[in-house]
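Undergrad: Taken in order, these protein sequences are the chains called A and B.
Under the working numbering, the first residue of the first sequence carries the number 245, and numbering increases by one thereafter.
Under the working numbering, the first residue of the second sequence carries the number 100, and numbering increases by one thereafter.
One or more of the hints may lead you astray.
[As the list claims (entries may be wrong)] No more than 35 Å apart at the CA atoms, straight line, and that leaves these computed lysine-lysine pairs for DSBU-like: (1) B/386 - A/361; (2) A/330 - B/386; (3) A/426 - B/504; (4) B/386 - A/405; (5) B/386 - A/324.
Please keep in mind that the hints were generated in silico from the structure rather than gathered at the bench.
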Amino acid sequence: MADSTTADPTRRDFLYIATGAAGAIGIGLAAWPFIDQMNPTSAVLAMASIEIDLTPIQPGQAIVMTFRSHPLFVRRRTPKEIASAKTVKLADLPDKLARNENLPDDAPATDENREIKSEWYISSGVCTHLGCTPTAFEGDYGGWLCHCHGSQYDTAGRIRKGPAPQNLAIPKYAFLTPTRVKVG
Amino acid sequence: MSGPSSYVPQTAFTRWLDTRLPILRFANDTIMTFPTPRNLNFWYTFGGILTFMLGVQIVTGIVLAMHYVPNSDLAFNSVESIMRDVNYGWLLRYVHMNGASMFFLAVYIHMFRGLYYGSYKAPREILWILGVITFVAMIATAFLGYVLPWGQMSFWAATVITNLFSAFDQVVPHLGTAITTWLWGGFGVSDATLNRFYSLHYLLPFVIAGLVGLHIWALHVPGNNNPLGIDVKGPQDTVPFHPYYTVKDAFYLVLFTVLFAVFVFEAPNMLGHPDNYIPANPLVTPKDIVPEWYFLPFYAMLRSIPQKLFGVIVLFGSMLTLVFIPWLDTSRVRSASFRPIFRLLFWILVVDGITLGYCGSQSVDANLPGTMFPLVWVARIGTIYYYAFFWLLMPLVGLIERPGKLPDSIAKPVLAK
């Protein structure tokens with residue numbers, strides 16, 4: 245076939261490319277349902293918010309709730325714990341962002357930006373390293389220590405030491421009454 | 100060595116069959132007359148042992164699947180029901196559970212043997228790479244299976260391992276979270292996760308079986324390497340696979356199953372973690388979370404890195420490294436028997452692997468026993484040696500080392516003894 249080397253595309257070339265392109269798009273379209281079926285179902289996405297009654301929690305006590313199938317930390321901080329969190333310089337923090345959904349994304353990780361009411365600390369209980377649940381009142385900073393890989397958080401849930409890259413995430417929440425908080 | 104077939108059909112039926120589906124010819128050429136180097140030693144029997152273990156895991160697994168319920172509310176109790184109520188359920192589960200450990204014991208010996216005798220070198224690169232892919236598939240299968248009993252260790256192993264992908268958040272914001280949500284089918288490890296893990300745990304062994312088929316195919320093109328690492332020169336260097344190696348493999352397989360039986364009947368839970376008999380609790384992470392023994396060296400590497408993304412890269416890189424070995428080794432001599440420097444470095448690597456395993460089994464803040472030296476630094480040194488062995492020492496030693504004199508043929512030193 246001497247003329248197969250000519251530069252002019254033939255009708256056959258066009259058909260090859262058109263068929264190939266249609267086939268690739270078809271495979272992509274057919275594959276998508278098989279990929280997307282793994283994402284959360286509507287039932288999972290429809291999970292509601294929770295309300296927490298704060299009255300039984302004493303100063304210096306930390307509890308763990310369930311929120312969107314993850315642990316949620318609620319801690320009534322003592323004045324000493326608040327003071328130790330406030331004295332930390334921003335420059336000493338590995339993660340300088342507040343990671344607080346109630347504030348803009350670029351809010352700095354000061355203690356004020358980590359709580360709505362200074363006494364009540366509320367955040368996700370998921371270690372930002374590999375998702376374990378840290379233990380309260382342990383570690384060098386009196387906050388939380390994650391036993392899986394040794395990440396340490398201070399009393400404002402900020403990462404201070406270890407492999408975790410970020411401060412504990414704070415979900416949207418609001419005080420309905422002084423003793424009742426709605427998360428989510 | 101996949102030369103002309105020596106199969107001669109003996110009956111009218113086999114002659115009829117041979118011209119239609121030459122399956123008996125294939126079986127004869129593969130496992131009966133296949134010319135095999137006459138000097139294969141004990142360390143070469145683990146290929147057969149691994150094939151046996153794959154069969155054991157598939158058979159016991161299929162039977163266990165008849166009694167297991169992949170639902171987060173019922174899974175733990177269904178495993179307990181297998182242990183207590185199902186006839187011989189305890190035996191089937193203990194065989195399957197310890198079978199995973201035996202499988203990895205055999206595969207590590209098999210891999211170190213390949214490394215020692217240079218079995219990855221030309222023309223066996225594809226053979227080696229298929230082995231590495233099979234190893235990774237085994238890791239995935241073992242991990243997925245470990246999640247199924249839905250105990251505390253199951254749940255938190257699933258959480259930690261799937262969260263490795265959240266490290267991608269540090270590359271593209273929200274990418275990692277999107278991947279983990281997709282893997283979980285929710286915002287955390289949940290019922291949806293258990294269901295898909297069960298489905299994939301059932302699938303992967305058959306993928307492994309396919310990979311093993313390719314592995315053996317790739318083996319039968321150049322034929323076996325051997326402890327001398329020199330090529331077969333003629334028929335005087337080989338013996339037929341049957342009866343010589345069928346019997347040798349069978350003998351060591353029996354010894355191996357004795358060890359297997361000791362674990363199954365005498366210490367079935369020795370290699371497991373007691374916390375996995377506590378039902379999964381998403382709110383409480385166990386004090387010390389430890390993977391199964393066969394993952395400990397890799398776990399120690401992950402933990403030794405204080406930065407998340409880099410830790411994950413080091414972990415996956417340690418397995419990916421194995422793919423490049425055929426090209427990282429610059430020596431023209433295959434067998435470490437003739438390579439004094441490489442041999443020494445090889446044994447240091449073996450010790451390194453065991454040391455990393457020990458580091459992985461201890462808590463994060465532990466010290467070297469009797470000292471104030473943090474174990475995490477031992478793990479760091481171990482990780483550096485692991486990478487240095489493959490990426491630095493292996494290419495370098497091949498260039499500077501002066502290998503010993505190779506024998507003229509396989510037959511000669513064998514007959515001289």
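Undergrad: Give a verdict on every hint.
TA: How the hints compare with the structure:
Between residue 386 of chain B and residue 361 of chain A the CA atoms are separated by roughly 31 Å; this keeps the pair inside 35 Å, and the hint holds. A threshold of 35 Å between alpha carbons decides the hint, and for residue 330 of chain A with residue 386 of chain B the separation of about 30 Å falls inside it, so the pair holds. With a CA separation close to 79 Å, the supplied pair residue 426 of chain A and residue 504 of chain B exceeds the 35 Å bound. With a C-alpha separation of about 18 Å, the suggested pairing of residue 386 of chain B with residue 405 of chain A holds against the 35 Å cut-off.
Our distance criterion of 35 Å between C-alpha atoms is met by residue 386 of chain B and residue 324 of chain A, whose separation comes to about 27 Å.
When the structure is compared with the earlier hints, a violation turns up for hint 3 alone.
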